[in-house]
Amino acid sequence: MKIFNFLLSLTVSLALIFVLHKGIGDLPPLGRLLDPYGGFWQNSGNDDGMQQESYELDGLGGEVSVLYDSLMVPHIIAQNDEDLYYIQGYITARHRLWQMDLQTRAAAGKLSEVLGEKTIEFDRRQRRIGMVRAAEKSLTAMMADPVSAMVVKQYTAGINAYISELKYKNYPLEYKLMNFYPEPWTELKSALLLKYMANMLSGYENDLEYTNALKIFGEDAMAVLYPQYYPNQQPIVPTGTIFEGNVILPENENIIADVKGISSVITDKPDPNNGSNNWAVAGSRTANGKPILCNDPHLGLNLPALWFQVQLTAPGINCYGVSLPGAPCIIIGFNDSIAWGVTNSERDVRDWYNIKFKDDNRSEYSYDNNWMPTKKVVEKIKVKGHKALHDTIVFTHLGPIVFDRNFELKDKPQHQRVDLALKWQAMEPSNELMTLYKLNRGKNYTDYEKALVHFECPAQNFVFASASGDIAIWNQGRYPVRAMGHGKYLLDGSTSATAWKHYIPQSENPHIVNPQRGYVSSANQHPTDQTYPYYYSGVFEYFRNRRINNLLDSLQGVTASDMMRMQNDKYNMTAAEMLPVMLRAMQNVKLDPARGRVLRDLNQWNYMNDAQQVAPVYFEAWWDAFNSITWDEYQGQPYPLTLPSTATTLALALADSSNIFFDVKHTAAREGRSEVIIMAFTQAMDSLDNWQRSTGKPLTWQYYSGLRVTHLARLEAFSYTDLPSGGNKHIVNAARNTHGPSWRMIVELTTPVRAWGVYPGGQSGNPGSPYYANMLQKWVAGEYYNLVFIHADNRNEKSMISTQNFKAKSK
Amino acid sequence: MKFITQIIVIAIVAMLAQLILPWWIVAVVAFVVSFFYNNHAMAAFGAGFLAVAALWLVYAAILDNASQSILSSKMAQLFPLPNNPVMMLLMAVIVGGLVGGMGAITGNRLRKIF
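If you read the sequences in order, they're chains Z and H.
For what it's worth, our numbering labels the leading residue of the first sequence as 91, then goes sequentially.
For what it's worth, our numbering labels the leading residue of the second sequence as 29, then goes sequentially.
These aren't lab readings, by the way, just hints derived from the structure by calculation.
What you are looking at is a predicted structure, and each value in this text was computed from that prediction instead of being measured.
Careful: at least some of the hints might be erroneous.
To be verified - Cross-link-like lysine to any residue pairs, in silico, SDA-like; alpha carbons within 20 Å at most:
no.: 1; chain 1: Z; residue 1: Lys259; chain 2: H; residue 2: Tyr65
no.: 2; chain 1: Z; residue 1: Lys112; chain 2: H; residue 2: Leu106
no.: 3; chain 1: Z; residue 1: Lys259; chain 2: H; residue 2: Ile53
no.: 4; chain 1: Z; residue 1: Lys259; chain 2: H; residue 2: Val121
no.: 5; chain 1: Z; residue 1: Lys257; chain 2: H; residue 2: Leu44
no.: 6; chain 1: Z; residue 1: Lys259; chain 2: H; residue 2: Arg139
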């Protein structure tokens, strides 16, 4: 009995310890986690590594100082480039290691290894589009240049120096919660991170949906539904600019794949609202006679924040700005002489080819009347707690087959089997890091031009301003020469006639330097008007850029505070152009008093999407209903389609009030714009009543827009919701839902240079740190921080909260 | 008195051991110490429970207090428990206490065999 008692308590103890050490299912290992000596308590309010004054690290050449300012921005002062990037890696890892790890895992399709079954499909698609192969090609290009090779090697070594110091108790909190471990960093991971951005920014197209729409609605309707240009649009390079250059006539032909309509789906497309604003105002229009540059990239808003602010100082470089945790250098920033920023180009550099295989083995495919062999690669996807999964990927010379019989919609019986090979500029070797390296050190316009030539994908609009007075913008990327219409639809993959054959010469990319009007600007709109000699397509923005240009046109003696107001502008241009038409249609409609009040509110609205207002909610719901009734032709179609854009719907509504698309199919009557507006009003008001009943939230834009900043692992407790920022997509302050301005920066190129910035988060990735989301409140309020810019000989010590000295480990 | 010294001895030895060894060492400490105290099994469990619970409570409370409970209140929401840092201290006390108590009772019952 005594032995039994002993064995019983021994077994219970061991089982208890095992469960508390390993965790079960989604339950974290509670013993390890709750233990104050090693568990989460060790992450609480930790000093983010700022207390220790001196560090000795293997791999450092000389001494490096790191000064933290009150936002915990590290200002790194090194004696040479090697040490500079080493410490950039070390410091970034200290604050953001888990985020870097998770994002590179996501890029490579290796999430399931740590997160389990729920991410298998995501991983599989990342593998199929070939993120790792793309990163490997880029890494080869990076390593071929001794400068970029040094930068990425040193950065990697710095991250690994930090990882090798870690014990369980210093692991970032999320490792403890999700129960996995940091693994050594590699140069490939940095390349993967850049490809992750490339995917986010150049991965959007609608080739398959457009092909289906063409089959359903016909060619004439396509010009109405997906027009190439919009009325009164304002391209980045102003209308009327003469384009020079020897134009090579397109040699590829636009042969659309011969398909009946496709019921598979291209999934995991990036958010089409990934966009941005940037502009630079020449000294002739500013109060102090020096250029001012502004940039706010709009991306998914997460915590830990997407960006990490840093200042990099060494002989030959003194640069401040934001970096991507996991990639060296500064992506958007400024130095004493120049400032630059980016918006996404939106030009389509991603095509799909329909491949005709000989048989179900898929080992040969038809090309120019020959049979070409495929190559097959088996991808092994490790899954936590389960057997690994194997996925065979078939390669053609055009690219990998990403979507095939495995991605058909099960509930759509009339499908046609297709095998779609992906041709994508992001798959080509390029060395974007060199652009950043050179921009960080740039002195003038010539340096900027030389830096840009390395930047191929994701294509960006690089805005520029220099202390010497130049402003410029380049629509920079590597673009194929296309025949008219090429790449808008699925291409025939059985003939070389459709292949990409030439690239547009870099010098002929759209650009403008010191224009007459005294400013340059971009907000993801068309880069040029129709006189640009090359054909391109894409999904371009139509509203923000016009508002920005209107505001800039109206300003003289521009100051930084004007620019702050502009970046936070909430003027709803869609409403300003459409609402008067909608209200007119309602003039003779009898309404009960409550709905009459809605119209009165809308009549008095100043078109500002302020957080506390109700009118933006009414308009949004009304506009959404108007859209869905107008495009009722799309409902119940057997194939995936994409709805026309806001710009298209608006242009149609203003230009052609009796267009056949306004007719509602299920009614006998022939409706026009006005009837649709009236029907939409009732539908919108009903849906708002439902929204209020189901959410129980007040009917203001703050709650209806649902702006939130979410932890990367979707942990509510580490997220911030219902933020009262105001704004919307197609508004300069493009904050809505999970999306918005991820970094607002304003740089005045005076001597000394002055800059302001803010992002929705904080420098620390640790939810237990006071620096985790400390900038969020000012971001919501549209306020800014003065950015502290120091020099090696003037360290502005009084703005600093901590100074650390790094030196080589003594042997 | 013996009960009090048992608690103190487990707590002190466990604290020193935790400086270098993983968290579950507290069970081993409670096990070994309780082997030398020939008392009632429930008394051993109580001593192990209280010793480790107190050890974890005090250190966790110090860390929590120094950080204005930023993290413990977020962790409480995560589980999800009421948004109160005391919840996490309570969880630590229960988990640590159970492990200490089970270690102690196992040591006590081993002793009973001889």
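### Message
Checking each numbered hint in turn, tell me which of them this model violates, lowest number first.
### Response
1, 6
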